[in-house]
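If you're matching them up, the sequences are chains A and Z in order. Taking our numbering as reference, the numbering of the first sequence is continuous, increasing by one, and the terminal residue is 312. Taking our numbering as reference, the numbering of the second sequence is continuous, increasing by one, and the terminal residue is 751.
No lab work stands behind these hints, which were simulated from the structure alone. One or more hints might be untrue.
[Stated by the list, open to error] A few chain Z residues facing chain A, derived, Cβ under 7 angstroms:
no., residue
1, Gly720
2, Leu722
3, Gln723
4, Ala726
5, Thr727
6, Met729
7, Ala730
Beta carbons: idealized from backbone N, C-alpha and C, even for Gly.
Each chain is listed here by its residues.
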Amino acid sequence: MIGTLAQAPSHGVTIALTFSAVLFALGLIGFLVRRNMILMFLCTELMLQAAAIAFIAFGRVHMDTGGQVFVIFILTVAAAEAAMALGLVVLLYRRRETLSAEAWQELHE
Amino acid sequence: MSGSFLAVAVLGDAAQAAHTGSHLESLVNAVIPKATAAPELAWAGWILLLPVLSAVLCTAFAALRVKNKLPAIVTVVSLGAAFALVLKLYLMRGPEAAPVVVHLWDWMNFSWGGGPWKSFQADVSLYIDSLTLLWMLFVTGLGTLIALYASEYMESDRGAGYCRFFFGVSIFLLAMSALVMADNLVLLYFGWEGVGLASYLLIGYDYHRPAAVEAAKKAFIMNRIGDLGLAVGIWLIWVNYGSVEFATLFQVFTNATSDAGGWDRSLIPFCLMLGAFGKSAQLPLFTWLPDAMEGPTPVSALIHAATMVTAGVYLLARMEPLFVLHPHAMTTVAWVGGLTALLAATIGMAQYDIKRVFAYSTISQLGYMFMGLGVGTAFGAAYHVLTHAFFKALLFLTAGAIMHGFAGQLDLRRLSGLRRVPGFGIVCWTMLIGCLWLSAFPYTAGFFSKDIILVQAMSQPKFQLLGWIGLATAGLTAYYTFRVWFRVCAGPVSFVSGELAHQTDHAQHATTADLHGAPHAHTGTASHSSHANESHAGGFHPHAPRLAINFVLLLLGLGAILSGIPGIQSLRGQHNWVQEMVYASTAVRASGELHTTTPVAFGLDAHGIVSVFGIGAALGGILIAWWLHRLNRRMADRLRSMLLSNSLTRWLPTSMENKWYVDEVYHALFRLPMWIASHLLNFFDRHIVDGLMVNGLGRVPVLIGRLFQPLYNGLLQGYATTMAGGLVLVLAWVAWKWLGAGGAA
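For reference, chain Z alone in the conformation it holds in the complex (with noise of 0.2 angstroms):
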């Protein structure tokens, strides 16, 4: 495709503003509108209730032992009325509605006098501007249809964690929403440590499985240090603010005009991208997001991938008046971003586990969020949290409908040729859009949301390093994408099942059917396919997925496809509605996509270089990737050899498959000294202060009864001449003294 086509304006009113900054300056200081009181919306409350209501309803149904389906309709239901709700708003108020503020209750309202910093507010009420409204539609919506997904994925546990499953669901929805509509920073941060609760409960679901817990815990440990910074961040903005009301703070903000003030004011947009950081699994803060793949996989799906980890990129999108003050900031988060999404591509290509894959592709998508924000096109950025949503949410899908159907079996090297066992096909082609999305294949939406990103950092000259690793992150993403679907989807038909055959095959099962007296309906699929994969030792029968999990795929790849018209739209130069929203929104600050036509390289412009060098990695990684695990897989395996058995390549993949052992290395760093510190603290405790203070004193008259004890040897006579030698020294004694008192007088 010839760059000057795609060189068309991404905006139609920027062509006064092409050639120059001039528009990017002129967005940078967009007035904000005041948000407005709208108590006529105190409806927009039940977006919050509803949550709690299903959770509320939940715990009830674990209490009375309910052992059908009954708490998945009931978090169905209400997520989607949630949805229904979050859609209404949007209808009324269009996209590009100027904000409001919806008191629910008073929650915190104090004041010691007056002026600025003598009152501290921050109630229950909801500030709802475009930016709010976008992430609530794919959040809630998302939402509900990933808890329908998981009614069938999750039920082989009903009557065991079925209510416990669907209690997190409705609590993280809760607080996600929270988060999101928040009108200001305290409620917000209520939502951030909410989502970081369910997002620790959901992971650890199967607690007893010690991987589960230690992965639990760690997303949590790692997430507790973003929100340290978070917090000191709220904190820093009321001291120099003086509120934590979006309304005031987006006055107060757009009337600043630099950020001259103490060294604590320069900090607080870094305090707040710590935070972001840590909830998106960036840079330095990543590692939690892999290990969280042991959570059940709607859990990946919804928290892990579409909703939670993009709470950093709203949070900055948010901000963002605060950040345009802070220049040095911006390039931060764009420069964190790219890395991020480098290494993680890097190591997503040497994982075997699909979840983990995916996770890891995750981490690479949020990388280049942050990149749009940092470069400056928050459009961009939210357009990219849209895309992804839908495609990462298929992707994980289809991977937990694998899951499901082959007993826990997710080893990408134990899989082949799904696309031909019966029952699959919804699975393999839905996760081939998925795959085509997330590799930024020509025309699908995930290629023009990476596209606006990469022409955005391509378009600055001190951002043009950053626009070329984006470019080498696409082909690689496009490769280990379509390492996975070649691998799993393609090639001849051979599986191994996973480690849960036994369970859910025989077991549960067998239990599943006494109790509804019926056949389960897995019985009759593995029947049925069993002729085609009669080969396979241990007479393993995968069971195909049925209604509920087939009817998401399709309703997410039909999504998937449909979150591309806005990037057609913003391609032909029209408006389109996710660019209204964002340019309706506080997020206007750093918006403003920037089309210059002068060349950066090769004689063509920013968008010739990222259309041309997209499309060739985009195509590049999928046909290596053909190459290496659809026609040649022996060739995979030798070159990895050869490149291990080479002493000056063998770097390259053990530390790609050891995810450059980042994990070590925090290890080193900070687990070794505080285990070292903890061991002598417990060295110190236990031999010092109860060893020698404590039980030493104790010790002392046990030491001293010890040495008379040769007295008390159970003969008579002993005691006599103990009692009779007492005697003589107490006679000798007074003896002495009365003589010597008698010398004396």
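Chain A extracted, bound-state conformation (with noise of 0.2 angstroms):
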């Protein structure tokens, strides 16, 4: 650990908290609204950089590098899981010639 969380700076934290929550009300009600997979998909990835700005601001309050650790990591799975996803994306397109979410209702049987 370096310095002390005593002398945290707390300006500035407030904004970047609520840059991350405005992202991931964003990320949340477009991925709520919209039908299309590839743009639910870009959704959920804005709320994985929401939570992940929120690491950072967490870090900078408790003076931790931590946070920014945890950054790397989730750009790692963001990227692997970005991969997967549009692969699906794909596959599930070629089977039903559309990208709505809808068309895959009946999974849930």
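Hey, can you piece these two chains together into the complex? The hints should help.
This is the structure:
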């Protein structure tokens, strides 16, 4: 650990967290209202990045580099996930000739 | 026949005791000799072991799939050997021997201190007195003969149930011998249950027929009711008298002068009576016996006519020293017997199944036996048991021969003139002997034995009504017996084969012929008799009985005739062996034939009344049967339809044909409430316990799950909304708590 927690600067953190919350809310709303699978996937990416920003903000608050380490992990996971998810979307599109998530409603059976 | 001739004293030595009841009194106080141990007679144990041996061998034959008559041969030989041993015992000991106890091996022997109530002893030991021997002689003798008869009767079941049948007969003989020869009430109870089991197994022999299974269950369950009485009685005897061994008990009873004691002591004879009435098919437990006719006919003859059903008479005769202490018990026995005799005779008049007619006649005759015990002539009762065993076994075996020959046909409206069907001569003439003996035709054995009982009843003012009931029953007996004979054996030849015709005539005979490589004897008989019956439809040919059946029928006919000898001796005032045997046994306490010369009615004394009215009833009954069922058969049908058409008399034939609705009354009184209760309990169990409590609790999570099921709709956005909503709720809760906590602080 480097530095001390007691002297953590608090200004700017509120802005970062607010930005993170707004970004998350945008991602969430987008996920809820769109039916296009690619757009829904992009919205999940937005939420993921919102979480990453929140990590950095809290890392700053606690003067802990662990927050930034986590961001590296998140980005790695997000990259792997993007490769997987886009591959899946392509496969699903080939099956139904549409990108709408509603085409796969029967998967709940 | 004049009454004065018949009024000769039954007992030779009774002359000095005549006119008063003093003779009876002296016998009631007769001292029963104490039984002595006789270890030298240990070979008598083989009487019990031989049936065990044959039962074991029959089991082995069944396991080895023996398809010949070996089981029958083994059974007949071992039962015959048992009979020979009984005969040897009888010849060694004579009719008036003192009782002996033969200890075979220990069974139950507990002791928890000294004194009479501090130990319990019930060993496998034999109590051999003259009553034992009298019963064993006809049990093993008839058992052997009927097993021989069955070897031919059951032959179509070779390889199938043949071994099972003879196994059942063997264990029946084991149990019956144990019942009769037991030296204590516990071993007697073992035999009592054993004969019930054998009866159940053999009634249900044709277990694929629902009627047979029903009848077997009915017999077993109704006997259970009686057996409960016997079990309670044995327990009460031990509680009150401190022993279950006859040798000890009879000394206790002899020394007792009255039944003074608690209420449970006076209950004992009634408990034993319940057992006897169950086993011997008396009111109120008689309805199982007619249904037991579903069993094979040799079983009906052996178990349900000659031997097992007389176990009740044996029990009461054996326990007479106890019964004479309870005057009300004796009166009850007499009345139950008399009323059963009358009721069963009226039902027997209206039955069409030959075996059922004979079954009701068995109940009726057993009623006479109990009446004899109750009015105080154990000799009459035991003698009637003996004569009845011969002529009733004979009647059943002739019915079986007819059933065997006509493919199961037993309806007396569908059989006629069998006397002239070739091969059935012996059957019809021996059946005539049985019928004459059963209807107490003058100077037959049945006449003598019934006479002794009725005279004893008539001689006592309090039993006179019972005597008249007995005389009326005798008339009805003669009528229904000869109704069967005149219908079936006399008249023009005509018959309809039974339901088993196809099976027995074609399939089974073909297989047996193939198996033995020789044409079956039945085929020969059938072709021989074909010219006589060619008018009958379906080409059915009755097959006549062969050697074994005819031999047994003739032997039993001879036995029935010879069984009249003690009666003739008794009539002449001479000693006879049956009476000697009864008087030398424990049953002596209820014996002592009365010889009053006081006029009873019409200026005649008891003997005169019974001879005049008894002979009149027998001849009248036979004459009416001859008129209605031989000469003028249409008349009988017209009489029936006349009674049916009149609304005032309709109840008579209907209720007689429906057995006075006794089964229906029992159904309404016992089965229906139990049926309702069982269905209520079933409803409670199924819907309250299972439905509400077990499955109901299990369904709660399911119902909760169903409440949230609409959320699970397969729409990605739906799930996301749920998650987001949950998140919002959690956030709102956290925010509210935080704000609230902050506010509070």
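So, going through the hints one by one against the coordinates:
{"no.": "1", "hint": "Gly720", "verdict": "3 angstroms, holds"}
{"no.": "2", "hint": "Leu722", "verdict": "5 angstroms, holds"}
{"no.": "3", "hint": "Gln723", "verdict": "6 angstroms, holds"}
{"no.": "4", "hint": "Ala726", "verdict": "5 angstroms, holds"}
{"no.": "5", "hint": "Thr727", "verdict": "6 angstroms, holds"}
{"no.": "6", "hint": "Met729", "verdict": "9 angstroms, violated"}
{"no.": "7", "hint": "Ala730", "verdict": "6 angstroms, holds"}
Checked against the numbered hints listed earlier, the structure breaks hint 6 alone; every other hint is satisfied.
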